[in-house]
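> This is what each chain is made of:
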Amino acid sequence: MRFLFKTNYEQDVRLFQHGGQVFWYAVLAVLVLVAPLVLSDYLVGEAAFVFILAIAGVGLMLLTGYTGLVSLGHAAFLGIGAYGEAYLLSKGVPFPISMLLAALIAGATGFLIGLPTLRLSGVYLAIATFGFALIVSEILAKWESVTRGFNGFRVPRIVMFGETLRQDWHLYYISLAVLVVVILGVLNLLRSPTGRAFIAIRDSEVAAQSLGVNLTVYKTLAFALSAAITGLAGALYAHKLNFLSPDGFNIILSIQLLLMIVVGGLGSLHGAVFGALFVGALPSVIGILRGELPRVIAEQPGLEPLIFGLILVLTIIFEPYGIYGRWLKLKLYFQLFPLYRRATFRRTKAFLKSGRR
Amino acid sequence: MTTMIEVEGLSVAFGGVRAVDQVSFGVEKGEIFSIIGPNGAGKTTVFNLISRLYDATAGRIVFEGRDISRLSADRIAAAGIARTFQNIELFENASVLKNLLLGRHAHRRTSVFSELLFLPKVRRQEIENRSIVEDVIDFLDLAHHRDARVAGLPYGVRKVVELGRALAATPRLLLLDEPSSGLNPEETEDLSFWIRDIRDDLGITVMMVEHDMGLVGRVSDRVLALNEGKVLAVGTPSAVQSNPAVVEAYLGS
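Which chain is which? The protein sequence lines are A and B, in order.
Residue numbers 1 to 357, in this note's numbering, belong to the letters of the first sequence in order.
Residue numbers 1 to 253, in this note's numbering, belong to the letters of the second sequence in order.
Isolated chain A (complex conformation):
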């Protein structure tokens, strides 16, 4: 068990709380940097996809996990980012700029959506964002001069330093870099007043307001930031797909994004990354399992959604804090061994519930 003895306030503000964290993150950094040298092309491509999902997950986590605004329309921001990237590249805008502009467009859309939906919360907000996603997918299909509609949009290759980047490991490193930058940015926000204001809005709007948090400003800000980050993921997703068609950004994708952060663990960035690993890796795992299973089961067409749904239900019942929550418990188990007791995490029933529910 580690005890932190703090001697100055600087220690509370730092990103890494102790040397152990620095060590393990350094190990992780080395592992992800050398992975493409070891792994097969297919796996590198899959890993890049996980990074892209994780970027989108961080975006949605900021809105849903931290600000408490549930969105069922994040596939739309992913779509706007993807089409924005493809369109800008085809118009000759160079790569990193096209990606940033695509994120900016998605962010601006998020801002516009944030404004009218400010008064909504919970299920109503989810429905409103769902409606918005339907509108966007309709626009993607019909605005043929820009999106080329159902003919599909072949995404131009990334050209950097005079080289055309077409390998899986190119996208792997680009996505990794974007993911790291996004996570650092969000972590910085979370340890400053803005991030705390988001958490305040999630837990009690009235208290947030009386402490000086302007609900309109921070809710729209959360929407815009979340949309911009998801748009960034969308831009990279375009390169992963290579070929865009409007029906790729539908409600199923929105639900998958939401499922990702719920299963990963709401209210933590680790959760977004764990969730991305889960959603990204599960189809491959199911594919491998298919070979092992008896044919009657393996050839059922609904196997994948069934397993997804089952895991979601089990997570909500047995581990509401998701994979990250389970990870924390495991860690504590080994730290306290052999003193860990089953009841450590059992919540006491609060009979004096504070506040209205």
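It is worth saying that the hints were derived from the structure and are not from the lab.
Keep in mind that this is a model prediction, so the values were computed, not measured.
Backbone N, C-alpha and C define an ideal beta-carbon position, used for all residues, glycine too.
A portion of the hints provided could be inaccurate.
[Stated by the list, open to error] Restraint-style ranges between C-beta atoms, simulated for each label pair:
{"#": "1", "chain 1": "B", "residue 1": "86", "chain 2": "A", "residue 2": "142", "range": "52 to 58 angstroms"}
{"#": "2", "chain 1": "A", "residue 1": "163", "chain 2": "B", "residue 2": "121", "range": "36 to 42 angstroms"}
{"#": "3", "chain 1": "A", "residue 1": "20", "chain 2": "B", "residue 2": "135", "range": "50 to 56 angstroms"}
Chain A is fixed; fit chain B onto it per the hints.
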């Protein structure tokens, strides 16, 4: 003595119910001012009007010579007024420390962009906030719970955390809505010392809504009695408690 807050002819009606009706009073700087009255008298409504959660139908609220009756609710903290809530409105899934740091929000001087990059001025501000919050933790004896999540804390501690959050905002006027409800006698005793220290040591003017007449009598300089939205009496605790109109409001005639 200078006037801290002056309320003139304050009224609010919800549908046909006149929750607060032509209420006027003034609170001097450095005073501990209590509002008492039976349930539904409009005490909390007065607080909600001052902290601008409700819009008054008539009347004016002047705080330190400035009319705040049209200010939006999120500007009140920056004006110098902090409050607690009757049913505790804490940020349940955050640590005690984060809750208190949120009290500093109104003093924020950094932009979102500087925070995204965590520029040195953000770091300096965070450390300054942290040290102010640490003074509050020290003052209210919360060190033991500093890193605990609010959701798991006992009721009495939550009350103190909420008081601490209001103090972290370094207000000049503190509104306490039923600070002693749900506390045991010992905790109430602690609270009465704190309220006096808040006034004497921190120089903060205190207004409170309270049912515990013992606490009101011990700490208040003046008391305002409300019933059905109207002022019954204002004066020293003993004078108000023996006022025939107040006795009638509580016990019936």
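> Which hint numbers does the structure go against, in order from smallest to largest?
Number 3 only.
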